[in-house]
Amino acid sequence: MSKNLEQDTIEVFINSLAHFYQQLGLDEVEIGVPYLLDSNHPIVEDYTGIIGISGRRKGCVYYTCPQALLSYILLAMGEKDVTTDHLCDLVGEIANTIAGNARQAFGAEFMISVPVVIKGEPEKVSLPKNTRCVVIPTKWKFYQSIIVVALE
Amino acid sequence: MFFARNFGKYRAIVISVAMFIILDLGVLGLNFYISSQIASDAVNVNLAGRQRMLSQKSVKALLDYQNDLAQGASGADAYQEMLSSVALFDRTLQAFHSGGYTSDATGQEIFLAAVETPISIAVVEESLAIWKPIRRDFSRLERESNSGRPLLSHLVDIAKQNNLTLLKLMNDLTNDLESVAKQKSDTLRWIQASAITLAILNFFLILFHFIGQLRSSDAVAEFARKETQEILLTVREGLLLLDSNLIIGSQYSESVKAIFGDRDFAGMSFRSLLHNLVVGQDMTTTEEYIKLLLNEQVKENLIGSLNPLSDVEVSLPQANGGYAVKHLSFRFNRTIEDGKISHILVTVLDITETVALRQSLEAARNQQGLHTDALKKLAHLDSTTLSAFLSRTEQDLHAINDTLKDEAAEPQGYNAKLQNCLRIVHRVKGDAGALDLLQIATAAHHFEDQLQILQKTEGLQGSDFLPLTLSLNDFLQLIAELREISDLLQNLQPVQVVAESGAVTTEQIPLPLDEQPIMRLAKRIAQENDKAISVTFDAEEAAVLSAEQRILVQASVIQLVRNAVVHGVESAEVRLLAGKPPTGTIDVRVSLEADGLRVSVRDDGQGLNLKRLREQAEAKGLYSREVLDGFSRTRVMGLIFEPGFSTAAEANEHAGRGIGMDLVRTNVNKMKGRIRISNQPRRYCEISFLIPTSQLEDSLVAEAV
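Here the protein sequences line up with chains W and P, keeping their order. For the first sequence, the positions run 1 to 152 when the UniProt record's numbering is used. For the second sequence, the positions run 1 to 705 when the UniProt record's numbering is used.
FYI, nobody ran anything at the bench for these hints, they're computed from the structure. Warning: the hint list may mix true and false statements.
Said to hold, decoys possible - On the chain P side, residues computed to face chain W include the following (Cβ under 10 Å): (1) GLN56; (2) LYS60; (3) LEU69; (4) GLY72; (5) LEU404; (6) ASP464; (7) THR469; (8) LEU476.
Stated by the list, open to error - Taking lysine-lysine and the DSBU-like style, the derived pairs with C-alpha atoms no more than 35 Å apart in a straight line are: (9) LYS456/P / LYS141/W; (10) LYS405/P / LYS139/W; (11) LYS160/P / LYS57/P; (12) LYS182/P / LYS226/P; (13) LYS57/P / LYS129/W; (14) LYS670/P / LYS58/W; (15) LYS129/W / LYS405/P; (16) LYS58/W / LYS257/P; (17) LYS672/P / LYS141/W; (18) LYS129/W / LYS141/W; (19) LYS326/P / LYS58/W; (20) LYS129/W / LYS376/P; (21) LYS405/P / LYS326/P; (22) LYS456/P / LYS670/P; (23) LYS257/P / LYS456/P; (24) LYS405/P / LYS124/W; (25) LYS672/P / LYS405/P; (26) LYS184/P / LYS226/P; (27) LYS57/P / LYS184/P.
Yeah, the Cβ is synthetic: ideal placement off N, Cα and C, and Gly gets one too.
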């Protein structure tokens, strides 16, 4: 799988997330040191937005973050009523931005699905088996979140 | 030549048509000729008929004149009529005989040709024989108008006597001339009929011959068309022709549609075909290349390498709205007609599969190379040692991953991460080198390179680590592959018979230091550095070490030996000049002392050069000159154990990163040991460390039990 984990591909996902924060006029998101993760044991936070990828490469990319981070963003955006639906919508929107940017960047190379949002439930995240994913930790204000790129 | 060139295959038809025209013209000419003959024959027949009439008219006028005279009249009218009839008869008969002029019914002078047929000639001769005496008598009558009755009576008698004969002769002449005319008109009819028959035959010949020829050539053309169509439908390559304006021709192979989508390409420009597929610069270059090809002065095979589209990756729109990435290979060839370039034949080949195959072959070859190389190396190794090494390396790499994962405050945190990673990977490199696993050693070396690039990066950020993380993944992949081979080899080796029972692990068997890898490494490094060495090894006492300690000691000894070969032992020439034997000696010794176990590596090389150590530390910016001047001898020697310190001019696999000695220090610290350096410049250098008895107790106890 190593040869598929190309730097450029992963950078597109990282930049997409940065782009999302920029779009909302929020503070810049800090990118931490990427590390490897056994795909058989995915890690998820409270809310996760997953986009499926097929075409030249197969697998998925997900963004997962704690509820507090989403709530903070919603409040920063002027939303008064923070419900589960709102939180799901927001993480879905983040995943959608990543998907949109990726579509633009990769063109016909990849087919990128509509995001799926899950709350908790790591077992619902299905990654390609027996490979390693790249985890990119991100930090916004005090909140940690991660992008996980799992490509075969 | 001109004819053949200009009419070519139409020569036969042109000849046939020309013959048809010549035939018709001939018939026409003949027709004119014979018609005029018939016309003159008709005049002859008329005049011959008139001779019949004149013979009777003359006799009648003669008799009338005689009557008139007998009745006492003048008879002038009859006389005149008789004279004119006789004159005309005579003139005409003369003309029939030898050709000459006479007057026709209207009094016009006409030329009469002499008769030609034997019958007519005989008739005319006979008539003249009869006529000539009669004519003489008439002349006499005319001359001697008053000669009297006797001449007249004589004339009347002769006239009566010959009248019927002359009439018959003139009749015969008329009939003969008529039959001649009839014969001629028959000939004419016959000629006309034959000529028209010939013309019709010629016409049909042309018709059948050329219809046949046209049909067969049409059939050939149709067959050729079908064959061409079949080729164009079947051929895998996209084939199309470009004219000098780079416009696509009407015929192209079906594959063009398969490659570029189902459209009509005839009359389309080549540029629009490649629109959105090839970048602008390439398109321009391609057009320039084709224009070069169209230039008669340029040799085709000389510019083949200029083709910018010999392997081009394109994204082609698909029916489902997506895109397919294909590799296409375009070839351009001139098509020559009459010695001139008429078109450019474009051959487009979808080489996607070939490229994929080539790539996978390349990967397979690399993999095979890797495996073969690895297999050779691995086959030499004891499977337990190898397995232990791979496990340890995997653990080390996971430790690196954990280091990366640890949250760290930048930038000091990042630097600590890097330093830690360097230390681990350097150990991996040392171990791999000792086991002669060059692939791993190289991978580790590259990983070190990346770490050091990051160390030098200003304003280091988390995302800068991405290439490193990916390399780590590659590294883990390499280890996994080697592990597969190692497992395979392990299966091939005979099962170890173990006394008692229980699983055998490296942790449970007390072993001395592994001598062979260290010897091998030392030899290899010496060879690569063009030095001669001999290593003595006395490490029996290492058996008291715990498994963990043994790993640390082994790794440290590797670094110290490496250091001794690279930095300590001089080249043979230098050694000879210094009065030493050309072969350097390195002694590795593990000995029990009163307060612990001493591990020492001693070389008879150039020793540590304190002055150079100071300079190096200053150059590296580790300490200022003033601080260094304040350092004791021992402290200066201790510099070699500081991270980032190396006196080697440039980093290679064996030295120069300033990590090896740092690793020794870290290992010794882990065992709560102490390092000692004894050094005599130009004579020797011995670096040793003591592992205190307290640290050995557990294993000693274990041994005792």
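Numbered hints the structure breaks, given as an ascending list: 1, 2, 3, 4, 12, 13, 14, 17, 21, 23 and 26
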